[in-house]
Amino acid sequence: MKFFHYMNFILIVILLVGICFAEDLVVSNSLRQVQTDCYEIESLLDSYDHLKNMDITLAVDNLEYDWTENEENMCFMVNHKNIQEIGVEIAKLKLYIASDDVDGFKVSIEQIKFYCHSYLHFMGANWHNVL
Amino acid sequence: MLTIIVRSIIIYLIVLLVFRLMGKRQLGQMQPFELVLTLIIADLATIPMAEVSVPVLHGVVPLLTLVVLHFVLTLISRSSHFFSKVISGKPVIIVNPKGIDYQAMKKLNLSTDDIFEALRECGYFSISQVQYAIMETNGKVSVMPKADFSPVTNADLKTNAEDNYLPIILVSDGKVIKDNIALAGVSEQDIQNMIDENGSGKQSIKDTLLLTLDKTGQGYFQSKKGEGKSFQIEVKK
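Top to bottom, those sequences are chains H and P.
The end of the first sequence is residue 131 by the working numbering, with every number in the run present.
The end of the second sequence is residue 368 by the working numbering, with every number in the run present.
No lab work stands behind these hints: they were computed from the structure.
Cβ atoms here follow ideal geometry from the backbone N, Cα and C, with glycine treated the same way.
What follows is a list of derived Cβ distance ranges for each label pair:
(1) H:Asn73 / P:Lys355: 53 to 59 Å
(2) P:Asn240 / H:Asn73: 47 to 53 Å
(3) P:Asn227 / H:Asn8: 39 to 45 Å
(4) P:Phe150 / H:Phe122: 28 to 34 Å
(5) P:Asn324 / H:Leu11: 44 to 50 Å
(6) P:Glu182 / H:Leu25: 20 to 26 Å
(7) H:Asn79 / P:Leu206: 32 to 38 Å
On the chain H side, residues computed to face chain P include the following (Cβ under 10 Å):
(8) Phe9
(9) Val13
(10) Ile19
(11) Cys20
(12) Cys75
(13) Phe76
(14) Val78
(15) His80
(16) Gln84
Using the sequences and the accompanying hints, generate a full structural model.
Dropping the structure here:
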């Protein structure tokens, strides 16, 4: 009986460690993926004067697809309210393409990058976050 | 709303598991650190239940972390007397043969009313009846009465009283407790015989509210509709 009691606690410790690793892996991979997509869109912006072209539209669709896929996994581990701003900004990107608003588009891309960066900083285990 | 219902079920099951793993102590028997853990657990459990945007893991992970912490603290408390004193404190004598220990009373932040209340709860209405009163680490007061006020025991009277045995519950609310049948050394047929002998008319196990038996063959039977009745059977040696 005592053996099972100890085993319970060992299993819980293993589970907790597993959750920590899984969270770190899922969240950083997801957010870095979004960041990479944003950098790609930014490089495309340098080559075009306007937003209404196939490359940028496909890149934004790709960003939206990646975000939707990753958000599902992240919702197991992250407070949904903390990450929903990224989804809102991605939706805005599509509106900016329709209205060909380059400045607004650039601001939204910057904001997505900022949210990703700040959340990556926020979720990491360091003394600033712990204390 | 369905999400909240499912989450509530999940959290409830996890909190149940957490309390089972932490042991069976009642609120009044808890050490200070156990009480703190219980309060935190109660608070943590409600967060993912009520807030749908918060993942269930945000409630489960701190709960499991506290279970592990509790386990580690208990383990260290058991192995180190010093640590146990730091975490749980130590029992303090608040009443001694000279009377109330005022220093101890002040240290524990107690009033004379509190001491009298605790003594009354233990069945002593005058401090002159009390030799020692000790405030235990879980906040309960234990009292050792003066010799004149101690209850008389069989040992005092030098009588040859027989030992009592714990009655084993064989039937409870119409159901046979299978584990206890082996413990009592009887069969289901023996149980039916006991019911037939002590019940009025034809009665089955389903009609029985309680049937107990101890090692000496002393039993108690009560049907769901009748009165309770003690009986004695011969015990197989």
